[in-house]
Every structure is written in C-alpha cells, then in structure tokens.
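Quick note on numbering: the working numbering labels position 67 of the sequence shown as 67, and the sequence is numbered without any gaps.
Just so you know, these hints were derived from the structure itself, not from any lab. The model shown is predicted, which means the values in this text are computed figures rather than measured ones. Check the hints yourself; a few may be wrong.
[Claimed, not checked] Using C-beta positions, here's what the derived DEER-type ranges look like:
id	residue 1	residue 2	range
1	Lys108	Lys24	18 to 24 angstroms
2	Ala77	Lys107	21 to 27 angstroms
3	Gln98	Trp128	21 to 27 angstroms
4	Asn13	Lys141	31 to 37 angstroms
5	Gln12	Thr127	15 to 21 angstroms
6	Arg158	Val78	34 to 40 angstroms
7	Thr33	Cys105	26 to 32 angstroms
8	Trp76	Asn13	21 to 27 angstroms
[Unchecked claim] Quick list of in silico lysine-lysine cross-link-like pairs, BS3-like style, CA-CA up to 27 angstroms:
id	residue 1	residue 2
9	Lys29	Lys140
10	Lys93	Lys57
11	Lys56	Lys116
12	Lys116	Lys31
13	Lys29	Lys56
14	Lys116	Lys131
15	Lys56	Lys93
16	Lys131	Lys20
17	Lys31	Lys140
18	Lys131	Lys24
19	Lys140	Lys93
For every residue, glycine included, the Cβ atom is placed at its ideal position computed from N, Cα and C.
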Amino acid sequence: MCLSAWPEGEVQNTISDLLKEEIKNLITKEKVTHFITGMTPGYDFICAGLILELRKKYRQISLECAVPYEEQAVRWAVELRETYYDILAGCDKLTQLQTSYTRDCFKKHTQYAIGKSGHVLAVWDGTWRGKTGQMLLLAKKQNRAVITIDAHTLQVTRTKLTETEQR
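Please construct the entire structure, taking both the sequences and the accompanying hints into account.
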C-alpha cells in the first residue's frame, strides 16, 4: 500500500525515484507480487503508475485499486479524474468498498488495505494526525513491515518484522 502527501518540483521527482527503487526492492528482495493503491491524488497515483510501468518488466506483479466509494472522483478536476480512470483501466483488480460516501469510508478503506498488506510504503511528513500518520499507526498495530520516505529529508526508513511479529 502506498499513501502520502504531494510535494512538487524536484522534491517530487526525487521522491518518485525513491518510490520506484523501494517498489523494485519489494518485488526483487521481499518477493511482493500484489500491490494495493488507495487511489487518492498524490503519491497513490504515482505509485500506481510506477507499478503499472514496472509490470512490463516484472510480469508476476499485479495492481489492485481499492476505491473507498463509487463516486470518489466525481468532483475532482478533469486532469485528476483522467489520471484516476487511466489507472483503473490498467489495474488488475478493482475493489470498490462502498457505493456511497460515509464519514467512516476512508477509515474502512485504510483498514481494508492494511489488512491485505504485508508491507506498507508511504511518503510521510511526520504528522501523526493526518491520514498517512493514522495509516502508519494502524500498520504498526497490525505488525506490518513499514517503509517510509520522509517528505522533508528524503530519508528512507525501513521497519522489518521480527520472526515473532510475523507469526
């Protein structure tokens, strides 16, 4: 799963490069074959695009797009909607969790994705109150391996599971 905020310019390009390297590491070193994206604008879109690109080389990988509710993209700008639907058209599995918006749909969405994931990859600004911080807290609670890219320092941090935690 990949989730995050959206810096721009050279920082965005550097983070995109780091994300690509981490995704490749997950494929080659951790033997991850199934990726889930939350389909929110920002690095979810970038991760999805990278996975679709890498799928050409690593044919064993698949992309699942987990959509919190059916009309998620209806009010977005045209460019974002086009990117959203392009990613959906290229994914291997579409999971729509609800037909309509509810106050807790994004919480359910995060619970679904973390529950299905062994690893979590996130660009994070260090804020626990935001969606990414809450997702990371849930991932830690569920003993998931976590890779974070600091949105400010660009430092990559990996938290591996111990054998006890993997059981």
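How the hints compare with the structure:
Hint check: Lys108 to Lys24, Cβ distance near 30 angstroms, so the stated range 18 to 24 angstroms is violated. About 25 angstroms separates the C-beta atoms of Ala77 and Lys107, a value consistent with the hinted range of 21 to 27 angstroms. Our hint of 21 to 27 angstroms for Gln98 and Trp128 holds, since their Cβ atoms are close to 26 angstroms apart. One distance hint, 31 to 37 angstroms for the beta-carbon pair Asn13 and Lys141, holds here, with the actual separation near 33 angstroms.
Between Gln12 and Thr127 the Cβ separation comes to about 18 angstroms, which falls inside the hinted range of 15 to 21 angstroms. At roughly 38 angstroms, the beta-carbon separation of Arg158 and Val78 lies within the given 34 to 40 angstroms, and the hint holds. Restraint check, Thr33 to Cys105: a C-beta distance of roughly 28 angstroms satisfies the suggested window 26 to 32 angstroms. Our hint of 21 to 27 angstroms for Trp76 and Asn13 holds, since their Cβ atoms are close to 23 angstroms apart.
Distance check on the hinted pair: Lys29 and Lys140 sit about 21 angstroms apart at the alpha-carbon level, within 27 angstroms; holds. Note on Lys93 and Lys57: the hinted pairing holds, with a Cα-Cα distance of about 19 angstroms set against a maximum of 27 angstroms. With a CA separation close to 24 angstroms, the supplied pair Lys56 and Lys116 stays within the 27 angstroms bound. Restraint check for Lys116 and Lys31: satisfied, since their Cα atoms lie roughly 15 angstroms apart, inside the 27 angstroms limit.
As the CA atoms of Lys29 and Lys56 are separated by approximately 18 angstroms, the hinted pair is consistent with the 27 angstroms bound. For a cut-off of 27 angstroms, the pair hint linking Lys116 to Lys131 stands: about 18 angstroms separates their Cα positions. For the hint linking Lys56 to Lys93, the alpha-carbon distance of about 17 angstroms falls within 27 angstroms, and the restraint holds. Simply put, Lys131 and Lys20 have alpha-carbon atoms about 22 angstroms apart, close enough for the 27 angstroms limit, and the pair holds.
Restraint check for Lys31 and Lys140: the C-alpha separation of about 21 angstroms stays at or below 27 angstroms, so the hint holds. Between Lys131 and Lys24 the CA atoms are separated by roughly 25 angstroms; this keeps the pair inside 27 angstroms, and the hint holds. For the hint pairing Lys140 with Lys93, the CA-to-CA distance comes to about 26 angstroms; that is within 27 angstroms, so the pair holds.
Hint 1 from the list above is the single one not met by this structure.
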